[in-house]
Amino acid sequence: MAKSSKLFCVLEDELDRAAERLGVKSILIMSSQQQHMKVEASGGQFESVYTVGAEGEKSIAGPDIHELYCERVVESRSELFVLDSRQSAEWSGNADEIEFGLVNYLGFPVKNRDGSIYGTVCVLHDAPRDYSSEDRESVEAIRNRVERLLMREE
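Mapped onto full-length UniProt numbering, the consecutive letters of the sequence shown carry residue numbers 1 to 154.
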């Protein structure tokens, strides 16, 4: 069963259904903090790995820290797809791959009402896989719901 911070509790069932439907190990809502990315909601089989409140250090925190997938989404303000990090000079050795064996990533930026970036909605998997346009639309639909919830909070 998905877990989340209070703001996103209404999405918990939807996160689990999406992870199952997409066939991915993890689906996350992440917030961007100064030095790290923070788990705000976690669904799928890896929710015990990505616990609510867990933090991953951004590369800005130190010279030996590999850039996070979600960090790139936040910085670029655009979608990121990584088919297999092990086959990518840019992504090989990232924290999700090394610590959890998750080599596949699809993430979308989440914006606040004022257009600033809140964080990401993303899915991760332990094997290379592509995502159909329908798969991408379902992740984007969750992102859109997250943005609507954020607008009500501001």
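Since the hints were derived computationally from the structure, they do not count as laboratory data.
What you are looking at is a predicted structure, and each value in this text was computed from that prediction instead of being measured.
One or more hints might be untrue.
[Unchecked claim] Label pairs and their in silico Cβ distance ranges:
{"id": "1", "residue 1": "Ala141", "residue 2": "Lys6", "range": "29 to 37 Å"}
{"id": "2", "residue 1": "Ser88", "residue 2": "Asp114", "range": "27 to 35 Å"}
{"id": "3", "residue 1": "Gln33", "residue 2": "Arg113", "range": "13 to 21 Å"}
{"id": "4", "residue 1": "Arg86", "residue 2": "Asp114", "range": "32 to 40 Å"}
{"id": "5", "residue 1": "Ser88", "residue 2": "Asp64", "range": "15 to 23 Å"}
[As the list claims (entries may be wrong)] Dumping the calculated PhoX-like pairs for lysine-lysine here, alpha-carbon to alpha-carbon at most 25 Å:
{"id": "6", "residue 1": "Lys3", "residue 2": "Lys38"}
{"id": "7", "residue 1": "Lys6", "residue 2": "Lys111"}
{"id": "8", "residue 1": "Lys111", "residue 2": "Lys3"}
{"id": "9", "residue 1": "Lys38", "residue 2": "Lys6"}
{"id": "10", "residue 1": "Lys111", "residue 2": "Lys38"}
For glycine and all other residues, C-beta sits at the position ideal for the given N, C-alpha and C.
Against the structure, the hints:
1. Ala141 x Lys6: 29 to 37 Å: violated, 22 Å
2. Ser88 x Asp114: 27 to 35 Å: Given about 33 Å between the Cβ atoms, the range holds.
3. Gln33 x Arg113: 13 to 21 Å: holds, 19 Å
4. Arg86 x Asp114: 32 to 40 Å: holds, 38 Å
5. Ser88 x Asp64: 15 to 23 Å: holds, 19 Å
6. Lys3 x Lys38: Holds, because 14 Å separates the two Cα atoms, which is no more than 25 Å.
7. Lys6 x Lys111: holds, 18 Å
8. Lys111 x Lys3: holds, 21 Å
9. Lys38 x Lys6: holds, 14 Å
10. Lys111 x Lys38: The hint holds at about 15 Å.
Violated hints amount to a single one, hint 1; each of the other numbered hints is respected by the structure.
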